[in-house]
Structure formats: structure tokens, C-alpha cells
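Student: This is what each chain is made of:
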Amino acid sequence: DSGVTQTPKHLITATGQRVTLRCSPRSGDLSVYWYQQSLDQGLQFLIQYYNGEERAKGNILERFSAQQFPDLHSELNLSSLELGDSALYFCASSVGDGLYEQYFGPGTRLTVT
Amino acid sequence: AQSVAQPEDQVNVAEGNPLTVKCTYSVSGNPYLFWYVQYPNRGLQFLLKYITGDNLVKGSYGFEAEFNKSQTSFHLKKPSALVSDSALYFCAVRVLREYGNKLVFGAGTILRVKS
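For the record, the sequence lines run as chains H and L. Just so you know, we're using my numbering here: the first sequence kicks off at 355 and counts up by one. Just so you know, we're using my numbering here: the second sequence kicks off at 6 and counts up by one.
Isolated chain L (complex conformation):
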């Protein structure tokens, strides 16, 4: 079964420093991976996705993610964190070999950026 793991419940980073939010996946076959962000009392917002091609995927708000097949990872990164990046981040994988566009989400990682 497809799954993703976000090993850190919370990540703390100082404003202006680079940030990384970690995600590892487990799939049988080619992975299709997504990152979403959730601000308080809001729905999830799509950040970026990896389907195929370049291992470095660029997304919204200056975020990027690096796909690493050998380490089965898809870490979210940003070169310089902003206080406004503080939110809950979800990694997700599309379920393969089933009809539909079903996503399985990780437990989420809280990102706190301090000024």
C-alpha cells in the first residue's frame, strides 16, 4: 500500500534561514508526490507536485522539493524562510493501481518561523 511519512511533528527555523520539511514515501511503482500547506482555519493549498522529470520541482511561494528515488524522499525546501510561512505542511502520494485520483496524506509537519 502507498504511504508517506513525515518524521518531524514540528520544525522550527529562524526567519531568513533555509528550511526543510521532510517526507519519505513507500510505493510499489513510480511515485506521484504532492505538497500542500494549511494555514489556520483554512483549507489546504497546493504547493507543488512531482510526476516525472527533473528531481528538483519548483512550486508556489518560493518553495521547491527535491525528489530522491534512492532515498525514497521528497523533502520540501525554501532558501529563505518567512514568518508568514508558518503553517501546517502535508506531503501526499497518489494511490496507484486504483481508479480515481486518491491521495494518501502524511500526518503533517508544523513549521514555525521565528523573527
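Extracted from the complex, chain H is given alone in its bound form:
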């Protein structure tokens, strides 16, 4: 158990809908990362927050947004969902913003029908 928690574990929704994925980092970690894992794209970095502020951005679609709250938990919002958004979404956290290893949560499996 990495200490990173993600909810929900599974999510099934229809195209065009909006969902919110939640992540609580390990105690004491200030950085939160979001990744998308799919068979065709592999593991893709989406976005990083550090102590409440956006720190780095990857291949995140405009339909997706994220934020980190004062208590350091983070949410990833996915809107206007398409079939291709079906994937495993991972949250990870690390102590800081430097060369720290990232600890991953168990993931949220999103299925868009």
C-alpha cells in the first residue's frame, strides 16, 4: 500500500458526461500527479500540482482539468467524455518537486459507453 488513495475504484458513464476523480496523497507529500494509462497510448503524464499550484503539464486535453486543494487532495475533472477516454487514471504523489520518486495510487478505471 503506497499511502495514496483514489476514489472511486471504478466508474462507468456515458459519452458526453462529466466525472470527477479524487486523490489523496501520502501524508506529507506536497506534489500530486495525474497519469492516464491505456492500451494504445501507454502511460501518459497529464498534469502535476505542487502545494496547490499547477507545476507541469503534459498531454492533457482541454476537456480535462484538475486542481489541488488546501488540504492537498486533488481532483481530476473529465468532461464531454468520449469513448476514447476510457482508461485507467492514476494519481501519484511525492514529497517535493525535485528528483523524488513518485508513489502511485491504485487507480480509477473509467469506462465510457
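Since the hints were made in silico from the structure, they are not lab data. Computed from a predicted model, the values in this text were never measured in an experiment. Any given hint could turn out to be false.
[What the hints assert, rightly or not] Below, a list of computed lysine-lysine pairs in the BS3-like style, where the Cα atoms sit at most 30 Å apart:
1) H:K411 <-> L:K27
2) L:K27 <-> L:K82
3) L:K119 <-> L:K63
4) L:K54 <-> H:K411
5) L:K74 <-> H:K363
6) L:K119 <-> H:K411
7) L:K74 <-> L:K27
Given the coordinates of chain H, assemble chain L onto it according to the supplied hints.
Tutor: Quick look at chain L alone, frame taken from chain H:
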């Protein structure tokens, strides 16, 4: 742009034999390299990292990795494989010259250890 390549989709090894999972990298500058393992229906687990220093890095669960600058490689190794090592292994490189701690992952290598 930074990237890593894992040339083998799958590696098969007998229990008790040494294992190697290959990774090559492409960076402009000093590489910061990581290995992660993913068990079925689980998140990724950190195994080890190379930042600087000794070319042989020791990590969790008896794994080690050898950094080779001339060959731009960072292969994961274990002297004696266990059936429980069967999993999906990812090599990753930190993106340099950008803010944040962004990692780029390889496609992954499935390791199958047979008894």
C-alpha cells in the same frame, strides 16, 4: 525531447535464473532514470532510481539497475528470479529543462517467470 525505449514487449525467464529487462534512453543532458513495477490491477510501485554516482543502483525486492552512459542504457537486473516477480515493468526518465517532476515512461515490458 527526452524518451525511453523498452525494446522487449515480454521477457521470459525460469525461476532461479538471472533476469534482465532492458531500457535505453535519449536525453540532452544528464539523465535521471527510474524503474517501476506494476502488478495486475495495482498501481505502479517504485523500484529504484539513478540520479548520479555509482553506475550500479540497488533497489527494492533484490532488483538492481546498471547505468551505462556510453550505451545510453539503464537495464534492470536481478540475480535470481522469483515467480512473484512476474509483472509489468516500466522504465522512466525525468523531463529536463522544464518545471516540475514530469516523467516520461517507456511502453513497458512484461516479465514472466516460470517455475
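Student: Determine for every hint whether it applies to the structure shown.
Tutor: So, going through the hints one by one against the coordinates:
1. H:K411 <-> L:K27: holds (28 Å)
2. L:K27 <-> L:K82: holds (9 Å)
3. L:K119 <-> L:K63: Given pair K119 (chain L), K63 (chain L) holds - Cα atoms ~24 Å apart, limit 30 Å.
4. L:K54 <-> H:K411: Answer holds: K54 (chain L) to K411 (chain H) is near 22 Å, not above 30 Å.
5. L:K74 <-> H:K363: violated (41 Å)
6. L:K119 <-> H:K411: violated (40 Å)
7. L:K74 <-> L:K27: Since the Cα atoms of K74 (chain L) and K27 (chain L) sit roughly 14 Å apart, the hinted pair holds (cutoff 30 Å).
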